[in-house]
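Build out the structure end to end from the sequences listed, making use of the hints.
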Amino acid sequence: MTSKWTAADVPDQAGRVAVVTGANTGIGYEAAQVLAEKGARVVIAVRNTDKGRDAADRISRAHPGADVSVQELDLSSLKSVRSAADQLRGAHPKIDLLINNAGVMYPPKQVTEDGFELQFGTNHLGHFALTGLLLDNLREVPGSRVVTVASIAHNIRAGIHFEDLQWERSYNRVAAYGQSKLSNLMFTYELQRRLSAAGAPTIAVAAHPGVSNTELMRHIPGSGLPGFAQLAGLVTNSPAVGALGTLRAATDPDVQGGQYYGPSGFRELVGHPVLVKSTQQSHDVSVQQRLWTVSEELTGVKYGI
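Letter by letter, the sequence shown follows residues -11 to 293 in my numbering.
Hints listed in this document are in silico derivations from the structure and should not be mistaken for laboratory results.
Possibly wrong hints are sitting among the right ones.
Dumping the calculated DSSO-like pairs for lysine-lysine here, alpha-carbon to alpha-carbon at most 30 Å [claimed, not checked]:
id, residue 1, residue 2
1, LYS67, LYS82
2, LYS67, LYS290
3, LYS26, LYS(-8)
4, LYS26, LYS82
5, LYS290, LYS97
6, LYS(-8), LYS265
7, LYS39, LYS97
8, LYS265, LYS26
9, LYS290, LYS265
10, LYS(-8), LYS290
11, LYS39, LYS82
12, LYS97, LYS67
13, LYS67, LYS39
14, LYS97, LYS82
Please read all numbers here as calculations on a predicted model, not as lab measurements.
Okay, here's the thing in C-alpha cells:
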C-alpha cells in the first residue's frame, strides 16, 4: 500500500452492492464513481432524481460497463425515507455498503417535513431512520459496513441540546450543524457497540473529508463574493481527495468497527485519510444511548439490536 492512501488502494468491489446517499455531487459523487469503477453495483440515493440520473450517466460514460442506478430519497422526509427503504430492500436483498453521505450545512433556519430542524433532521435523523430500515439487509452480509460522514465541526460549539433539539428557542446555524455532526459520530459508536453485542458481521465506521470544496459550502458567509471559489480551491481538499476518507472507511480491509478516518494534514483540514480521533464528548456512552433512544422516538424506527 502506498504511504498516502488513494483511490488506487480501493480493492476490487465486484459483486458488492453500495448505497450512497447524496451521491449526485461532491464527495458522494466521487466515492460512488470510484466504487463503480472498482466493480460495485452502486445505488445513487438522492432527493433530485434528475441530478441523480445525470450523475449516473457521467459515471457510466467515464467507466463503460459500470452498474449505477438511482433511488429517490429525501432525507428530510421520514415518509420518503420509508418509501426508499422499502424499494431498496426489495431491489437489493443483500447490501454490502451503506454510505450515509448526504447533508446540509449552515442553512437559514428551516424545518423538515416532520418539523425537525433541517440539519439535525437531515444529517442525523434521516440517516438514523434509513440505516435502521435497511439493517436487516446488511447485518447478515459478511464484510458489510455502515459508513457515516461526520465533520471536524463536531467539536465546534457542539453538544447535544436535549433541552431544545430542534432549536426552537433560538437558532445558531453553526452550532446546529455541529450538533448534527456530533450526532453522526455518536450514532456510529453506539451502532457499533450494538452490532458487536449482537455478533453481527456488519461494522459501523465514520469518516470526514476535512474541508472540501463542494456545494455544501454555499451557505458559508462570503461564499458569493468574487474570488471565494478560487480561494477555497487553494485551502481545501478537492472533492476527489475529500472522498478518500469515506472510501477508506468503506473498503480498506484493515478498518475496524468504531473507527474514524480523516485527513492527515494540519488540524485534519486537508490531506489523505488516516485514522483520527474524535472529541472526548463524542465517546460519552450515556449521551450516545440517550440520543439513540430519542432518535428512535422521533423517527419511529426501532433497530431491534
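Cross-check of the supplied hints:
1. LYS67 to LYS82: Holds, because 23 Å separates the two Cα atoms, which is no more than 30 Å.
2. LYS67 to LYS290: 15 Å, holds
3. LYS26 to LYS(-8): Distance ~19 Å between LYS26 and LYS(-8) Cα, so the pair holds.
4. LYS26 to LYS82: Holds: LYS26 and LYS82 sit about 18 Å apart, inside 30 Å.
5. LYS290 to LYS97: The given pair, whose Cα atoms are some 29 Å apart, holds under the 30 Å limit.
6. LYS(-8) to LYS265: 18 Å, holds
7. LYS39 to LYS97: Distance of about 25 Å is within 30 Å: holds.
8. LYS265 to LYS26: 29 Å, holds
9. LYS290 to LYS265: Roughly 29 Å separates the two Cα atoms, so the pair holds.
10. LYS(-8) to LYS290: Cα-Cα ~40 Å, so violated.
11. LYS39 to LYS82: Holds. LYS39 to LYS82 sits at ~26 Å (cutoff 30 Å).
12. LYS97 to LYS67: 22 Å, holds
13. LYS67 to LYS39: 21 Å, holds
14. LYS97 to LYS82: Distance of about 38 Å is beyond 30 Å: violated.
When held up to the earlier numbered hints, the structure conflicts with 10, 14 and fits the remainder.
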